[in-house]
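Full structure from sequences and hints, please.
Heads up: the sequence lines are chains F, W and R, in that order.
Everything in the first sequence is counted per our numbering, starting at 1 for the first residue and increasing by one.
Everything in the second sequence is counted per our numbering, starting at 210 for the first residue and increasing by one.
Everything in the third sequence is counted per our numbering, starting at 417 for the first residue and increasing by one.
In short, the hints are calculated from the structure, not lab data.
Heads up, some of the hints might be wrong.
Partial list, derived from the structure: chain F residues whose beta carbon lies under 8 Å from chain W [unchecked claim]:
{"no.": "1", "residue": "Ile33"}
{"no.": "2", "residue": "Gln40"}
{"no.": "3", "residue": "Leu45"}
{"no.": "4", "residue": "Val51"}
{"no.": "5", "residue": "Leu64"}
{"no.": "6", "residue": "Pro69"}
{"no.": "7", "residue": "Leu70"}
{"no.": "8", "residue": "Thr74"}
{"no.": "9", "residue": "Ser82"}
{"no.": "10", "residue": "Pro128"}
{"no.": "11", "residue": "Thr131"}
{"no.": "12", "residue": "Asn187"}
{"no.": "13", "residue": "Thr200"}
{"no.": "14", "residue": "Thr202"}
Glycine included, each C-beta is placed from N, C-alpha and C at the ideal position.
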Amino acid sequence: MKRIIAISIFCLVESAFSQVGIGKLDPQAALDINGSLLVQEELNLGMLPTVTNTDEDFKLLTRLTNSTPLGEITVLDVDNLSVAPINVVNYKFTNLSRDNLTNVNLQFNASKYIVGIANFRYEGGAIPKTTVNGVTSIGAFVVRAFIEGGKWHLEIRNRFLDLPSSGVERITYSVTLIIYDKSYFRNLPVITTNLGGSNTGTASSVPNL
Amino acid sequence: MTYNSPLFFIGAMFICSCASIYAQVGINTTTPREALEVAGDMKISETITIKNIEPLQDSDTSTFLIRDEADFIKTLDVSNPVGAALGYIQEYVIENPNLDWVLDFDTRVDASQYVMNTISSHFNRELKMNTVNGVNFSIPYTSAYIRNGTWHIILDYPLANNKNEQEVGTWTITTLIYSKDLSKQFGSVEILMNNETTGSASEPIIN
Amino acid sequence: MKTKILYSIIVLSLSPAVWAQVGINNPNPQATLDVVGSTLIEEKLYLENPGNSSQIRGAKLLIQKTDEEVVQYNIDISKYGPINYVQFIFRNTNSRGLSDYDTKISATDYIVTVQGFYFLITGTNDTNVTLRSTVNNNRVEGFQMYAYINPDTNTWFLKGFVNNSRFQNNSTVDSAIDLYMNLIIFRNGFIAKPLMDVTVNMNNSETGSVPIPIGF
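Shown next as structure tokens:
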């Protein structure tokens, strides 16, 4: 009898309050917690506003897998990180051997990062063509990032022709490298297609995205 | 009945003051680890405000968070080898084009769902000029572009060919593909240069 | 009196374990804790095991705005995406190329990069475009296709030209071109950040190593 009365009171008291405070006497919301909330299983939010077209400088929410307790809600603030999901670095190469940046080790670990090339500036003198038996070669000017020995490397040069060693302005290469953190990106298998000598064609397969 | 009034009063007092005596409250748990711990699931019909959201540190491991179509908050683990990623690295090896010329390579990637951009490319053969007396020179270009709803790739040293036409050449191109949930497409913008070398936008396309 | 007080406390401790579901403003809770109304958490939120979604398509990422409110991100509504793509087509560009173009895009808010380009004879689909060096026709000049920050306007400018050269058509006559440039634009501070510029002195060598930025 006494127990039942006590429970009923608990219910009565509960529904009497339109706002409940945990660890505080003047709750400012239906549920106001003066401390942290830990939900063991699913959280369902019935109402969540959407970003507007004037909002800016917002940050992505993240959930830690290494916190105690597990699952602390945090925010991705790239200014607080040494390595952001995408990192943009301007590189300038000076004092080259002729036009040849044959193999520069950028030292980014290929298991952790993807390196891409954007922007390109070649400042400096021109490379002479060669004509042999009526065939005029322009060499092959290449700008590429590639993986060697588990690291990212860079090649920028004309592979078959060279800048003269003197009498022509020296070359400076400027390039922007975009370093992608691989934990956010996925490498797909290479797709090889033979065009059979045609300048048009369709990829042999479509990536599974 | 004589118990009712004093017991109600005392009960209410204790519930109010007990809330401040208890450092932590548990629902379905007698060992709450935080101010409120729910040993089960939770539903909130209106808004949630979280006053203390710390920034990620370099040493942290984490996932993103999404709200799914049933209003549940779920993690989005983009580092998982299967499932979603922010973007995909797709390398194409294009063998035996028309000498060095790839005018239109259809990747068949849906341009309404994805953005594709090229991050590195090169051709593996020496080139000669295909002009009269070999005059002029050519520079290599690479681009992904949209045609008929899919992403295509153009690769060329214009008016240049493999120096040794018997040698089959290969273009190797690495692309980055982003889903439209993470990439906003602003389309193609026509800029009339009127045979000039300089120009200026009246307004930026992105503000 | 003491007996009564003790009894009340015991009941209160027991009662949470008795209830399978608790409602706030809700006589019919559908979850372990079902709140009808808003929730304010003065400290942190921990979601120990919320479940994983493998689907990015159609899911709305959660973001925190500068006023600390948590909202859902919708890239179609938002002013910008983490990654933004646009193709600029410079129609009828002079045969000297694009020496400067002010995009008016803020250098504080965005990082603009050129990732891909090609060119055609203006107004056509003709790919037969070569370059002629004005210095000497026996040479291959270098090219410059890039975005840079103009410090006077703090906006991004574009350049797209070949050193000392003119674009020419199939008859080796100077021709205006249509220059197609792919721009990938990152919102600064969202998921992308610029790091410090790196200058590498190759010391007249064809190979070498470059130090990586701190933390990589």
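Handout entry: When the least beta-carbon distance from Ser82(F) to chain W is tested against 8 Å, hint result
Key = holds (5 Å)
Problem - Residue hint Thr131(F), partner chain W, criterion CB-CB below 8 Å - result: OK, holds: Thr131(F) within 8 Å of chain W, min 6 Å.
Problem - Restraint satisfaction for Thr202(F) [CB to CB of chain W, less than 8 Å] - result: With a minimum Cβ separation of about 4 Å from chain W (threshold 8 Å), the hint on Thr202(F) holds.
Problem - Interface hint for Leu70(F), Cβ within 8 Å of any Cβ on chain W - result: Check failed: Cβ of Leu70(F) comes no nearer than 11 Å to chain W, outside 8 Å.
Practice task
Report holds or violated for the interface hint on Ile33(F), using the least CB-CB distance to chain W and a cut-off of 8 Å.
Solution key: holds (5 Å)
Handout entry: Interface hint outcome for Pro69(F) [beta carbon to chain W under 8 Å]
Key = holds (6 Å)
Handout entry: chain W contact restraint on Val51(F) - CB to CB distance below 8 Å
Key = Violated. Min distance 12 Å.
Problem - Closest C-beta approach of Thr200(F) to chain W relative to 8 Å, hint status - result: holds (4 Å)
Exercise for the section: Closer than 8 Å between Cβ atoms is the bar; does Leu64(F) clear it against chain W? Give me holds or violated. Expected result: holds (5 Å)
Handout entry: Satisfaction of the Pro128(F) interface hint, Cβ to chain W closer than 8 Å
Key = violated (10 Å)
Exercise for the section: Using 8 Å as the Cβ threshold, decide whether Asn187(F) counts as touching chain W. Expected result: Where the cut-off is 8 Å and the nearest Cβ of chain W is about 5 Å from Asn187(F), the hint holds.
Problem - Closest C-beta approach of Leu45(F) to chain W relative to 8 Å, hint status - result: holds (6 Å)
Hint check: violations occur at hints 4, 7 and 10; the rest are consistent with the structure.
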